[in-house]
Every structure is written in structure tokens, then in C-alpha cells.
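Start from the sequences and build out the full structure, keeping to the hints where you can.
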Amino acid sequence: MSEKTTTPSREDALYREVTAQLVAAMRAGTAPWQRPWTSGPVHPSHLQLHPFNPVTGTRYRGLNRLKLSLSSVGRDCRWLTHKQIDKLGLCLRPGSRSERIFFWSGEQKDERQRPKTRSRQRLGEEDARRSPSCGAYWHTVYNGSDVDGLDQVVGPVEIEPPDFDVNMNVVNVLAASGANIVHGGDEACYFSALDRIHLPWRRQFRSSADYDSTALHELAHWSGHPSRLGRDLSGKFGSHRYALEELHAELASVFIAVELGVGLTQRHIDQHAAYLNSWCQALESDERAVQRVAANAQNIADSLLAFAPHRVKLPGKPYLPRGRRENR
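FYI, the working numbering numbers position 61 of the sequence shown as 63, with every residue one higher than the one before it.
Everything labelled a hint here was simulated from the structure, so no lab data went into it.
Just so you know, these numbers come straight off a predicted model, no measurement behind them.
Idealized CB from N, CA, C, for every residue including glycine.
Hints are supplied without guarantee of correctness; some may be wrong.
[Stated by the list, open to error] Quick list of simulated restraints, FRET-style, between CB atoms:
| no. | residue 1 | residue 2 | range |
| --- | --- | --- | --- |
| 1 | 98 | 26 | 14 to 24 Å |
| 2 | 92 | 18 | 48 to 58 Å |
| 3 | 26 | 154 | 43 to 53 Å |
| 4 | 88 | 194 | 48 to 58 Å |
| 5 | 89 | 182 | 19 to 29 Å |
| 6 | 18 | 98 | 17 to 27 Å |
| 7 | 202 | 95 | 44 to 54 Å |
| 8 | 198 | 304 | 15 to 25 Å |
| 9 | 91 | 18 | 12 to 22 Å |
| 10 | 290 | 173 | 33 to 43 Å |
| 11 | 95 | 178 | 27 to 37 Å |
| 12 | 242 | 93 | 13 to 23 Å |
| 13 | 196 | 174 | 37 to 47 Å |
Structure, rendered in C-alpha cells:
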């Protein structure tokens, strides 16, 4: 099933839908990055932040990644269109719930997410239409846990467990970034005026993974310096701007942690509790904020993962920047 968006209000409805879903999950404590344990019998919680299409290998990104991650909690990380399920000769279980995913025209995106006929056909979107008044497209996908026999046809998801020892992928990214990191004290922060990250020593954390996730969070803030991605880092503690930047950094650090094999940790729970109300207020006060947050977090993750010579093996095809894409 596919539809076209015909008015700007349809696109606004998308942002309201995702915002309501995200805020509800955060308040309930069920957002995928809030739970550093295996939350279901299907896939570990860190893979719920890695939704992908097992037929095309497409890894969903940005707002679609956030939306499907929220719907993957305790379920499969694989998502397919109805047409793909039919072509595989499989059946949906009765009562299966679909999720809408969206694509936008007029933006520099991965070609798998650009609304061109051939790209859409590779995603099983042959009947997706384009609205002349709005650059948003949507179609429906279904979770792999609702598809009987999926493992027998496409194979089970190969899972490389997170590394809770010293993670050399993170060590290499921190070193390759060239960030000025000062260790000592009992505070983790990024000083934009000095362009410097302060971190406690690794031995001061409850686990090595807690150190890694904290370092990646501060490195995400570091990416916003005017000489890099140039985000507005002037927000004061408690302000709307400050809350959004914290959410940018937290989502980005989680996206990066999945790619580098860092398990979700208690630090994510503590960070979430500290900023819960301000994050929810920031999202609810501006219905389009969720789209900007998801896009910025993905952009931060992409820029910092460029420093990663090695990543853990994850299902699906990795994102390739323009000029480095594979032939399809």
C-alpha cells in the first residue's frame, strides 16, 4: 500500500505521529536506547536501533531509523514491504501491524532513499506516487517477527555481540578525530569556547562501555564546533536549544555505539532520566523538531564514523557517501 502526500498538513501529521511515539516511549522508559539489556526473545536491544530491509539490504536512516527503532522494541529489526513478502512466498500473521516510512525529494540523500522510480522499485515501491505540492512519500512496511518462515528464506540475522572490554573501535575513532580530550576530575563535558572535551579516567566508570558511550556523547557535541558541522551550541542549561543539542548528541552517540560494537549501558538510562522533561518539552513545543533532531543525529553519526577504520559486522549494506556508492 502506498500513498502520496497532498498537502503540507500531511507532512506535519508525520512529525506529530513520530513525536508522540517518541515522547510516549521516553516517558514510559521503553525507548530502545533506555534499556541496556536484551529486551525480547528476538534480537538484542542494540540491534533494535539498527532497522534494515533484509531483501534489499537497505539500512534505514534519519527519521525512518528513529521511527522503526521505536517500533522494534522487543521485536525483530527487519522490515519488509507487503510486495516483498508476497514475492518471497511468505505470509503475514493475522493482525500484523504496519508502519509507515517516508522519503523526501529535493534533498541530498542516499540513493536508496531518493524518490526515483528505479530506486523505489528496488525497495518494492513501484506504486509510490509523487505529490506535486509536497516532497514527501510514504509506504508501509511490516516487522519481520510478523512474517512466518522469514529466517528459512532470507536466513537469520547474524549478531556480533557488543564488546564490554576496552573497545578499540572507539579508541581509534577518538584518536583519529583529533579531538582535544583532557582526562581527570569527575565531570564529562565539552567546552565549545576552548574546543576541548573533559572526561573522567576510564577506571572511574562502572564499566568500559560506560566510558565509551560517554566519550562518544561528548564527541558528538564536539562535532558541532564552527570548524566542523557548525551547529548552534550557545544554548544555556534548561533552555529549548540546550535540550535539542543534548538530544542530538545522545541519539548520535547511540547510532555510533551500535556501529562500533558498544553495548547500551546504564549511562543511557541515567542520561535519559536527567533530561527527560526538557527533551519531551522541546519535541512537543515544535512538531517539526523531531525531523531535525533525527537528521542532525544521523549527520553527526556519519561524520564521526568516517574516522572508524573498522566497525562491527551488522546486517544490511553500509551507507556510502556520495561518490563512493556501490553500483546497484
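Failing hints, ascending?
2, 3, 5, 9, 11, 12, 13
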